[in-house]
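A.B. asks: Chains as they are written, first to last, in this note's numbering: chain A, 1 to 219; chain B, 1001 to 1219.
Since the hints were derived computationally from the structure, they do not count as laboratory data. Every residue gets a Cβ at the ideal spot worked out from N, C-alpha and C, and that includes glycine. Check before you lean on any hint, since a few could be wrong.
On the chain A side, residues computed to face chain B include the following (Cβ under 7 Å) [to be verified]:
no.	residue
1	Arg31
2	Ser79
3	Phe103
4	Ala147
5	Tyr195
6	Gln208
7	Gly210
8	Ala219
Label pairs and their in silico Cβ distance ranges [to be verified]:
no.	chain 1	residue 1	chain 2	residue 2	range
9	A	Gly87	B	Gln1075	27 to 33 Å
10	B	Ser1209	A	Ala34	37 to 43 Å
11	A	Ala125	B	Ala1164	54 to 60 Å
12	A	Ser209	B	Gly1185	50 to 56 Å
13	B	Phe1206	A	Ala34	18 to 24 Å
14	B	Met1203	A	Ala147	49 to 55 Å
15	A	Ala164	B	Asp1113	18 to 24 Å
16	B	Ala1164	A	Ser209	46 to 52 Å
There are 2 protein chains.
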Amino acid sequence: MKIAILGTGRVGQTLAGKFVQLGHEVTMGSRDAANPKAVQWAASAGGSARADSFSGAAQGAEVILNATAGTASLQALQSAGSANLDGKVLIDVANPLDFSAGFPPSLSVVNTDSLAETIQRVFPAARVVKTLNTMTADLMVNPQLVAGGDHDVFVAGDDGDAKAVVVGLLGELGWEAGHIRDLGGLDAARALEMYLPLWLRLMMTFDQSGRFNIRIVSA
Amino acid sequence: MKIAILGTGRVGQTLAGKFVQLGHEVTMGSRDAANPKAVQWAASAGGSARADSFSGAAQGAEVILNATAGTASLQALQSAGSANLDGKVLIDVANPLDFSAGFPPSLSVVNTDSLAETIQRVFPAARVVKTLNTMTADLMVNPQLVAGGDHDVFVAGDDGDAKAVVVGLLGELGWEAGHIRDLGGLDAARALEMYLPLWLRLMMTFDQSGRFNIRIVSA
């Protein structure tokens, strides 16, 4: 698949690297096509890995993954260009974390709205799916790192076909079907983003490596 | 221990009943000392179980447990009387759920504040500990109901001694020490209350009985 990863941070690099390994055509998009982090990533990733601008990356992609900082995501997607997002599967893994008052951050969108829904409203023809925002990058691409993969990832989105594409990609990343929890429509992204404060607290008090996750247990 | 349970709903009744079984002196408090639900509960619970007003229940108690609806909690605690809360361990299990726009509810306090912190500010001499708000009542008093008890409960509070009392009571309820996760100060209540939207989504999509919980897994 042709996948554009928007964002050059740890989450973007980790996901981009894994998708190259899996045989996908990956372009890392950033504000500047010559962004040294993206260029260096593309050179070291090999294969068909490329670096480009946000719009250059989005243009040819079938799947676009937003791995920019949550508070910068709308701007990044505007740069990518609305026309380049139309009809595309847009995976939103970002969290709207507001660090302006220090650590731990608060949420810049919360409660009766979410970043994912905001993106969907601004780009109504994109097919937004929220996933993977509830864990550290290492686990996203390698669930086996923790408890043999016996923990959960969530998906939320209004477009069933787009969600099916995302579930397929999660399977390629190593997520077992039984651990991919479909929470329904994109408004469930509120719940997934509001989980972040608990994740941050656990990181602070329990495991600063961030290599932990939650597993749903039931009777 | 002398325990006041404020609130006559399912959470209050379930916790009150269990604490009676454990040999505690439990008084169920409500707006009206003659509240039929509380009177009936006290009669059927036997032992030293009593029904009283919020203030009557709080007055003699060593531990006060807020199991009222989150949006009514401040009013209930005002009725209990500030002087009756001073120096007491005040366990807050409530969630600030706002159902005014239907289901699922939003949160009436969120992000940079929490119900538990609000209570602590209004009653500065109470020793507030947040716990048990992240699961259905049946599980609070019987963690073994699910996965042999292999799942987690959280505590947050600024008073270490009060937190130790609460951890002791959680142990009596059946929670193993390794599954009681101390998230630090009372500001962590934000994270615990903001988890509720995810709990509600899981209830809606995964298990409407509510008999599920999360377990933290790590490497």
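A.B. asks: Give a verdict on every hint.
C.D. replies: Structure-based check of each hint:
no.: 1; hint: Arg31; verdict: violated (29 Å)
no.: 2; hint: Ser79; verdict: violated (28 Å)
no.: 3; hint: Phe103; verdict: violated (12 Å)
no.: 4; hint: Ala147; verdict: holds (4 Å)
no.: 5; hint: Tyr195; verdict: holds (5 Å)
no.: 6; hint: Gln208; verdict: violated (11 Å)
no.: 7; hint: Gly210; verdict: violated (10 Å)
no.: 8; hint: Ala219; verdict: holds (5 Å)
no.: 9; hint: A/Gly87 to B/Gln1075: 27 to 33 Å; verdict: violated (51 Å)
no.: 10; hint: B/Ser1209 to A/Ala34: 37 to 43 Å; verdict: violated (56 Å)
no.: 11; hint: A/Ala125 to B/Ala1164: 54 to 60 Å; verdict: holds (56 Å)
no.: 12; hint: A/Ser209 to B/Gly1185: 50 to 56 Å; verdict: violated (22 Å)
no.: 13; hint: B/Phe1206 to A/Ala34: 18 to 24 Å; verdict: violated (46 Å)
no.: 14; hint: B/Met1203 to A/Ala147: 49 to 55 Å; verdict: violated (24 Å)
no.: 15; hint: A/Ala164 to B/Asp1113: 18 to 24 Å; verdict: violated (39 Å)
no.: 16; hint: B/Ala1164 to A/Ser209: 46 to 52 Å; verdict: violated (28 Å)
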